[in-house]
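Q: Between the sequences and the hints, there should be enough to build the whole structure, so can you do that?
Sequences listed follow chains X and G, in order.
Every letter in the first sequence is one number past the one before it in this note's numbering, and letter 5, counting from 1, is 5.
Every letter in the second sequence is one number past the one before it in this note's numbering, and letter 208, counting from 1, is 208.
Please keep in mind that the hints were generated in silico from the structure rather than gathered at the bench.
Every residue, glycine too, gets a C-beta built ideally from N, C-alpha and C.
Be aware that a few hints might be false.
[Said to hold, decoys possible] Some chain X residues close to chain G (C-beta under 7 Å, calculated; not the full set):
1) K94
2) E97
3) S132
4) G209
5) S211
6) R212
7) L213
8) S224
9) T225
10) Q228
11) L230
Below are the chains, spelled out letter by letter.
Number of protein chains: 2
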Amino acid sequence: MQLFLGHINGNEFQLDAAEVQHCVKVLRKSIGDRIDFITGDGNLYQGEISFTSKSKVYGSFNKVKSNFGTVPYSLTIAIAPTKNMDRIELFVEKAVEMGIDTIVPIICHHSERKIIKEDRLRKIVLSATKQSLKGKLPQVQSALSFKEFIAQEHSNLLIAHCENGHKSSLKEVLDANVATTIMIGPEGDFSPAEIQLALDAGARPIHLGSSRLRTETAGLVAVSTVYQELG
Amino acid sequence: MQLFLGHINGNEFQLDAAEVQHCVKVLRKSIGDRIDFITGDGNLYQGEISFTSKSKVYGSFNKVKSNFGTVPYSLTIAIAPTKNMDRIELFVEKAVEMGIDTIVPIICHHSERKIIKEDRLRKIVLSATKQSLKGKLPQVQSALSFKEFIAQEHSNLLIAHCENGHKSSLKEVLDANVATTIMIGPEGDFSPAEIQLALDAGARPIHLGSSRLRTETAGLVAVSTVYQELG
Numbered sequence: 001m002q003l004f005l006g007h008i009n010g011n012e013f014q015l016d017a018a019e020v021q022h023c024v025k026v027l028r029k030s031i032g033d034r035i036d037f038i039t040g041d042g043n044l045y046q047g048e049i050s051f052t053s054k055s056k057v058y059g060s061f062n063k064v065k066s067n068f069g070t071v072p073y074s075l076t077i078a079i080a081p082t083k084n085m086d087r088i089e090l091f092v093e094k095a096v097e098m099g100i101d102t103i104v105p106i107i108c109h110h111s112e113r114k115i116i117k118e119d120r121l122r123k124i125v126l127s128a129t130k131q132s133l134k135g136k137l138p139q140v141q142s143a144l145s146f147k148e149f150i151a152q153e154h155s156n157l158l159i160a161h162c163e164n165g166h167k168s169s170l171k172e173v174l175d176a177n178v179a180t181t182i183m184i185g186p187e188g189d190f191s192p193a194e195i196q197l198a199l200d201a202g203a204r205p206i207h208l209g210s211s212r213l214r215t216e217t218a219g220l221v222a223v224s225t226v227y228q229e230l231g
Numbered sequence: 001m002q003l004f005l006g007h008i009n010g011n012e013f014q015l016d017a018a019e020v021q022h023c024v025k026v027l028r029k030s031i032g033d034r035i036d037f038i039t040g041d042g043n044l045y046q047g048e049i050s051f052t053s054k055s056k057v058y059g060s061f062n063k064v065k066s067n068f069g070t071v072p073y074s075l076t077i078a079i080a081p082t083k084n085m086d087r088i089e090l091f092v093e094k095a096v097e098m099g100i101d102t103i104v105p106i107i108c109h110h111s112e113r114k115i116i117k118e119d120r121l122r123k124i125v126l127s128a129t130k131q132s133l134k135g136k137l138p139q140v141q142s143a144l145s146f147k148e149f150i151a152q153e154h155s156n157l158l159i160a161h162c163e164n165g166h167k168s169s170l171k172e173v174l175d176a177n178v179a180t181t182i183m184i185g186p187e188g189d190f191s192p193a194e195i196q197l198a199l200d201a202g203a204r205p206i207h208l209g210s211s212r213l214r215t216e217t218a219g220l221v222a223v224s225t226v227y228q229e230l231g
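A: What follows is the structure, given as structure tokens:
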């Protein structure tokens, strides 16, 4: 199954402009062909093409499958972008495949990278969403400073850090009934002041096992654990 | 902490030839300097350099820490190499960071890639082992055909496939007292004949949740689950 991103109005659809060339030029779809598309709302739409041009593909749809490839939990990962962008991009792709709702890049005291191309991450999210046959498009928020992020409201807020002190395992503190938000720090970890700020804001400290994990690997383990425990 | 790969004889050591340049030229270590190294046997060795040249670093060690960064489980992943080598390399790096004993490339009926550079994977294993501060060096075996692999003896043999039929979740069938071996198929899955061969050989079928995962992502989820459940 080949999925496209589309936009709907009543039971008419229009493919997203960025998808047209692949649909018409590469896959050579034309009038009368069946097409499967998503809008990002969680549904799979199945329709028929009624018009194509170099820049547009229109049609109508008559079948909608809800909760297409969705996971039964709500997960936000707030993660410090890695110095090497490849590593955070890899995390984003894998997190989408498993199942995640929101990714928030957070800029921390020890972050070597302060600028992040969210648009590039959104392209990876879309590609992984289509490839893994999911109807819901995870959101990549604009980067926030650690302080801005911690000032927001979060339900089950967890911070994975490497400083000493009591920490629960992620499994112990998951609750299927509330949205989970997990904070993953940069190379060099969160600063002690950041950890204290998070705890003051009600975050619970967690560990991700005894191994020394890179930032993006910690993110992968966190998403995988939620996926296996609540999925 | 910067780790090197070394070889020991009594309480003398010699750095692996491939490590000498980095030690002497890049880090400018010389006679009298302290050095931390591993041999891959699970220990951390701490010694002092007594001789350096362009091609050799010798010394003696007086401190040994056993079970350095080791995980309390035994895990083998037999995985079909991905068409794009980057993807299997990424799996290997992340699996080592979390904790794995053995990686076996298996060539399956639907494998598009039949040739694999094990030496390149071994380099990635060594690099990730040092970076994640582990004393035990995971093994990359030479590639085997599916049939060759299945003909070997395995204790808790599990096969993750996407065909219909009863499958347990990975968590349900893990046993901390025996070594675990998990088979992960290629793009396009194991063939029905391969799945039957595995079941006949005593393998238990498992699923890795409801999401549609790429080969390397399935491998990551499998390792992460074992790491979180038995680590």
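Q: None of the hints should be skipped; say for each whether it holds.
A: Consistency of the hints with the structure:
1. K94: X/K94 check passes; min Cβ-Cβ to chain G is 5 Å, inside 7 Å.
2. E97: holds, 5 Å
3. S132: holds, 5 Å
4. G209: Cβ of X/G209 sits 5 Å from chain G, so the hint holds.
5. S211: holds, 5 Å
6. R212: Holds: closest Cβ of chain G sits about 5 Å from X/R212, inside 7 Å.
7. L213: Holds, about 5 Å.
8. S224: holds, 4 Å
9. T225: holds, 5 Å
10. Q228: holds, 5 Å
11. L230: violated, 10 Å
In terms of the numbered hints stated before, the structure departs from hint 11 and from no other.
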